[in-house]
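Chains D and B are the protein sequences, given in the same order.
The numbering used here numbers the first residue of the first sequence as -14 and each following residue consecutively.
The numbering used here numbers the first residue of the second sequence as 49 and each following residue consecutively.
Errors might be hidden in some of the hints.
[Unchecked claim] Result set (DSBU-like, lysine-lysine): computed pairs, CA atoms no more than 35 Å apart in a straight line:
hint: 1; chain 1: D; residue 1: Lys28; chain 2: D; residue 2: Lys(-5)
hint: 2; chain 1: B; residue 1: Lys85; chain 2: B; residue 2: Lys150
hint: 3; chain 1: D; residue 1: Lys(-5); chain 2: B; residue 2: Lys150
hint: 4; chain 1: D; residue 1: Lys45; chain 2: B; residue 2: Lys64
hint: 5; chain 1: D; residue 1: Lys(-5); chain 2: D; residue 2: Lys136
hint: 6; chain 1: D; residue 1: Lys136; chain 2: D; residue 2: Lys77
hint: 7; chain 1: D; residue 1: Lys5; chain 2: D; residue 2: Lys77
hint: 8; chain 1: D; residue 1: Lys(-5); chain 2: B; residue 2: Lys64
hint: 9; chain 1: B; residue 1: Lys80; chain 2: B; residue 2: Lys64
The hints are simulated quantities; they were obtained by calculation from the structure and are not laboratory data.
This structure is a prediction, so every number in the text was calculated from the model and none was measured.
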Amino acid sequence: MMSEIVQVVKVGIADMNVVKAPHVIRTCGLGSCVGVVVYDLAKEVAGMAHVMLPDSSLAKSENMNVAKYADTAIEELVRRVIGAGGRNGHLKAKMAGGAQMFQFRTGTTDMMRIGPRNVEAVREQLQRFRIPIVAEDVGGSSGRTIEFHPKTGMLLIRTVNQGVREM
Amino acid sequence: MSYFERMDAFHMDILKEIGNIGAGHAATALSKLLNKKIEMTIPDVRIISFDEMMDIVGGADNVVAAVFLRIEGDAPGNMFFVLSIEQAERFIQQMIGDEQFKLEQDCSELSLSALQELGNILAGSYLSSLSDFTHLNLYPSVPALSIDMIGAILSYGLIEMSRVGDHVIVVDTAIHEEHQPDDRVNGHFFLLPDPESFHIIFRALGVEHDE
């Protein structure tokens, strides 16, 4: 198989995917959503989820998209990364997002604080699976596009005002 | 999809008419404000995935200027007025009377506040016509302006909807300034009622909608 061509695997909103080197994985336009990467560096395998809401108890429908909620997404992400060759105990995580895009002076509802709540929820879930967070770029008021390279373990974060950063 | 299965062509037509009336009033207000002719497309009412919604405005990491209002009252929801950066610059240039103005170089308080006020007037006229038409009480929040990736901005309007499914019902009306060399669409009004608001709107207009 020819594997020289590097593919960019895209992760949509409330979506997840797993990728192996040399391919990379990307999600665009994170606002209050959190992009979380779980990876095994030695095995060069990584999974990324674009989490929208902190907890599946917020769901009002019966058939649920597991990638949407922090609690269900991390569990499924870990399962898939291990299924693709990642090893329990060797997994690490990086995350970005959870911004508060709009500041309202009055009537800040819980839903407006969704960014920080998503970050807290993802952190809690990673702790539940004993996966250390080695880098994070969360909060603030800017949108982010992130790209992860399983070969190097590098997470690229692009914002409108600050350009691209590596972490 | 069960929630959306209760929507039929007739319901979609009603939403289209809401978009027509609302954006019509807003386009008139914009036209008066700038003393320019503003054209408007026929509203598009679609049930689409979150990612498809971002594609309407050039994909999730396309940078835009957007004014966001939360609608409170009888039928809560979200409203966005989304402009391309070039169009936002043109509007600001016309309002502050400085033809050299560029958003990249000068993000002064005055220019941003002018844009925010523009969004406020337009969204306000959209909502008040909707309120007159349905006899529902609708109150806009103070508008919030953001110049950033469209995905990061619009996802705020998807939160309520995302609790019931992976699709969104969007009432999209595009506007376009006359005599612009590019015939691209330059602005969008997005009305995103909360899931519970649809049957309230339909009932207010005397239309049955099983809930």
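Each hint tested on the structure:
no. : hint                 : verdict
1   : Lys28/D - Lys(-5)/D  : holds, 21 Å
2   : Lys85/B - Lys150/B   : holds, 23 Å
3   : Lys(-5)/D - Lys150/B : holds, 33 Å
4   : Lys45/D - Lys64/B    : holds, 26 Å
5   : Lys(-5)/D - Lys136/D : holds, 17 Å
6   : Lys136/D - Lys77/D   : holds, 14 Å
7   : Lys5/D - Lys77/D     : holds, 15 Å
8   : Lys(-5)/D - Lys64/B  : holds, 33 Å
9   : Lys80/B - Lys64/B    : holds, 24 Å
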